[in-house]
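Undergrad: As a plain string of letters, each chain reads:
2 protein chains.
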Amino acid sequence: MVNAVHIHEFQEMMKRLYFQRDSQRGIKGTYDWLVDELRELGEALEGEDKEAVEKEFADVIAWLASLANISGIDLERATINKYAGKCPKCRRSPCQCPF
Amino acid sequence: MVNAVHIHEFQEMMKRLYFQRDSQRGIKGTYDWLVDELRELGEALEGEDKEAVEKEFADVIAWLASLANISGIDLERATINKYAGKCPKCRRSPCQCPF
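So the protein sequences, as listed, match chains A and B.
Numbered according to my numbering, the first sequence spans residues 1 to 99.
Numbered according to my numbering, the second sequence spans residues 1 to 99.
Hint data in this document are derived by calculation from the structure and do not stem from the laboratory.
Since this is a predicted model, take the numbers as computed values, not measurements.
Ideal Cβ positions, reconstructed from N, Cα and C, are used throughout, including at glycine.
Incorrect hints may appear among the rest.
Which residues of chain B face chain A? A few of them, derived with a C-beta cut under 8 Å, are [said to hold, decoys possible]: (1) HIS8; (2) ARG16; (3) TRP33; (4) LEU38; (5) ALA52; (6) LYS55; (7) ILE61; (8) ALA68; (9) ILE70; (10) SER71.
Derived lysine-lysine pairs resembling DSS-like cross-links, with alpha carbons at most 27 Å apart [to be verified]: (11) A:LYS28 to A:LYS55; (12) A:LYS15 to A:LYS55; (13) A:LYS15 to B:LYS82; (14) A:LYS50 to B:LYS82; (15) B:LYS55 to B:LYS28; (16) B:LYS15 to A:LYS82; (17) B:LYS55 to B:LYS15; (18) B:LYS28 to B:LYS82; (19) A:LYS28 to A:LYS82; (20) B:LYS28 to A:LYS55; (21) B:LYS15 to A:LYS28; (22) A:LYS86 to B:LYS28; (23) A:LYS89 to B:LYS86; (24) B:LYS28 to B:LYS15; (25) B:LYS28 to A:LYS15; (26) A:LYS15 to A:LYS28; (27) B:LYS55 to A:LYS55; (28) B:LYS50 to A:LYS55; (29) B:LYS86 to A:LYS82; (30) A:LYS15 to A:LYS89; (31) A:LYS89 to B:LYS55; (32) B:LYS55 to A:LYS28; (33) A:LYS50 to B:LYS86; (34) B:LYS50 to A:LYS50; (35) B:LYS82 to B:LYS15; (36) A:LYS15 to B:LYS50.
Only some residues are given here: those of chain B computed to face chain A with a beta carbon under 7 Å [unchecked claim]: (37) ILE7; (38) PHE10; (39) GLU37; (40) GLY42.
Required output: the full structure, derived from the provided sequences and hints.
TA: As structure tokens, this is what we get:
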């Protein structure tokens, strides 16, 4: 049983599971599938089934990792580069951007 | 400098940075913002600027974490529950689902 998962490890697991199929489908088709998964998450969030919501969150991050794999992007590196403990705009934590 | 990030740690960082603002915006508004970030990722993927693509990936996972925070979902737990090293449908790695 896995108890803690690095973003990078999760992306690598998705690569082992799905890279061949993701590559064949391509970036456009995988992006469209991710859009569809996000729509399903939106529908689940309008309901009361928390387990369904959790599964849809898992699907969105899974398809995001698949899309990152075939786009040559390291999701963990991307998050570290943009969100290293502070807001990328105001450089503070918590964010104090004047919206 | 952060070198490795658990999905859970990333979600907690997003909570420290943005939870108050995310809560005020609410689930619907945060979901709509995530949809918009995914659209921006799609546009970046059509171009040649890999740095822009990386930043859009970071934004999508960041807004997904924000949405999970205000929805009471632990993203890491969600991924472990659904994708624990094998395909949730065929139970194999790599996936061998007959699509």
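Undergrad: Check each numbered hint against the structure and report the violated ones by number, ascending.
TA: 3, 5, 9, 21, 23, 25, 28, 29, 30, 34, 39
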